[in-house]
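S.K.: Kindly produce the complete structure, drawing on both the sequences and the hints.
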Amino acid sequence: MAGHSLVVWGWNPSKMTRDRSDADADARTSAPLGEADDRTLVAAFLAGRHEAFDVIVERHRRNVYQICYRFVGNHEDAADLSQDVFVRAYKGLRKFKGDASLGTWLYRVSVNASLNRLAVKRPVAQPIEAAQHVDGRGEDALNQVLREERAEQVRAAIKHLPPKQRATLMLRVYQDLTHEEISKILGSSVGAVKANFFHALNNLKRLLERR
Amino acid sequence: MTSHLTSEEFVDALEGRTAASCAGHLDACEACRRQLDELRSVTLTIANDEVPEPSPLFWNHFSQRVRAATEEIPPAGLFGWRFGWRTLVMAAAAGTLVVTVAIQSRQDRAARQGMPSLGTTQTSDQAGAIDLTANQEAWDFMMQLASDVPADDLRGLSAPTAPGAADALTQNLTPDQQRELVRLLKAEIGGTE
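For the record, the sequence lines run as chains C and S. Read in order, the letters of the first sequence are residues -9 to 201 in this note's numbering. Read in order, the letters of the second sequence are residues 112 to 304 in this note's numbering.
Hints are computed from structural coordinates only; laboratory data are not their basis. Heads up, the beta-carbon is just placed ideally off N, CA and C, and yes, glycines get one too. Don't take each hint at face value.
Pulled a few chain C residues facing chain S out of the computed Cβ check, cut under 7 Å [to be verified]: (1) 47; (2) 49; (3) 51; (4) 56; (5) 59; (6) 73; (7) 76; (8) 77; (9) 141; (10) 163; (11) 185; (12) 187; (13) 188; (14) 191; (15) 194; (16) 196.
M.R.: Okay, here's the thing in structure tokens:
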């Protein structure tokens, strides 16, 4: 967003800055992959170096987990869903063309897996009024409790949003993606993404005012 | 601009990309200004929500889970379309060679025996005069290969494409069949018997 970023966790979705031929050459060697960019990692994986996928997992697991958590709302399901995302990525990495960053591609896989999970297993949305956290320890326990309670209310409200609005909101507010990037991930027009974002914010305002 | 802002214009204004015409409307319209302030307030409220960070131990465990889950999966990216494509081409080439040799052999035999070739509209059944030769087994073998294998099955035809498979196949032929195969191959490449 102009002037200030609303992103909560910083993640540069693209480290793919090198020439493809360099990446391919590196991929075929036994050079360490820990510092390799995403393009090199993908090329190495497709050349048969399984350890390249381990690096991809290590590099992107937190962001995949966080987007999954936003959808399912608890650690256990988010962990399972994140694993499913990487299994899908493992199977489908040959389809990755490199026209978008690997991070953006993994966002797409994550969102699709999350939407599929929601379609199959519709979670019981917790009432916003009941969302609270009781574990408050430390000197500012009261503030911590209030802050956490508010956060739980926000998460509960987000769960009530329609799937596309929820996905748009998460990718825009929490991942700081542009509307153009979101449109590619969701397969929508930029105008539809903006409309979804607008309606998501309006619905959230209404839901949060109910409490 | 007299009409209220659209949803897209609200989003643009929220993100600091207000068009000049919209800015003029916002200055004059209390309702749109209030709604924009409410959207901004909601955005700031939800932006402060963070996902609880799992323990460091979880991440190591997670990577192990993913590795275990992917170990049993055939690495399609490595061999999927490349191996399948190559196999398909080799199988198709082998099939084409078999068919070509078979047709050429029949034409040669027909020419030697004064029969119409397959280039005419007459079929072998219509001709009805193909002499069984001493190499009939070899001929049947070739024809069976050429006619009994559906095109779709060529995709899964692994034996002829495996290394050494052709050698093993020819070693199983009888001496007569081997001589016939040599004759057919020489005829195919333009040599003499």
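S.K.: For every hint, state whether the structure bears it out.
M.R.: A quick look at each hint next to the structure:
1. 47: holds (5 Å)
2. 49: violated (11 Å)
3. 51: Where the cut-off is 7 Å and the nearest Cβ of chain S is about 6 Å from residue 51/C, the hint holds.
4. 56: Holds, because the Cβ-Cβ distance from residue 56/C to chain S comes to roughly 5 Å (cut-off 7 Å).
5. 59: holds (5 Å)
6. 73: holds (5 Å)
7. 76: Since chain S brings a Cβ to about 5 Å from residue 76/C, closer than 7 Å, the hint holds.
8. 77: The hint holds - residue 77/C has a Cβ within 7 Å of chain S, the shortest such distance being about 5 Å.
9. 141: Holds. Min distance 5 Å.
10. 163: At 6 Å from the nearest chain S Cβ, residue 163/C passes the 7 Å test, so the hint holds.
11. 185: holds (5 Å)
12. 187: With Cβ-Cβ at 6 Å, under 7 Å, it holds.
13. 188: Because about 4 Å separates residue 188/C from the closest Cβ in chain S, which is inside the 7 Å limit, the hint holds.
14. 191: At about 5 Å, which falls below the 7 Å cut-off, the nearest Cβ of chain S leaves the hint on residue 191/C intact, so it holds.
15. 194: holds (5 Å)
16. 196: violated (10 Å)
Checked against the numbered hints above, the structure breaks hints 2, 16 and satisfies the rest.
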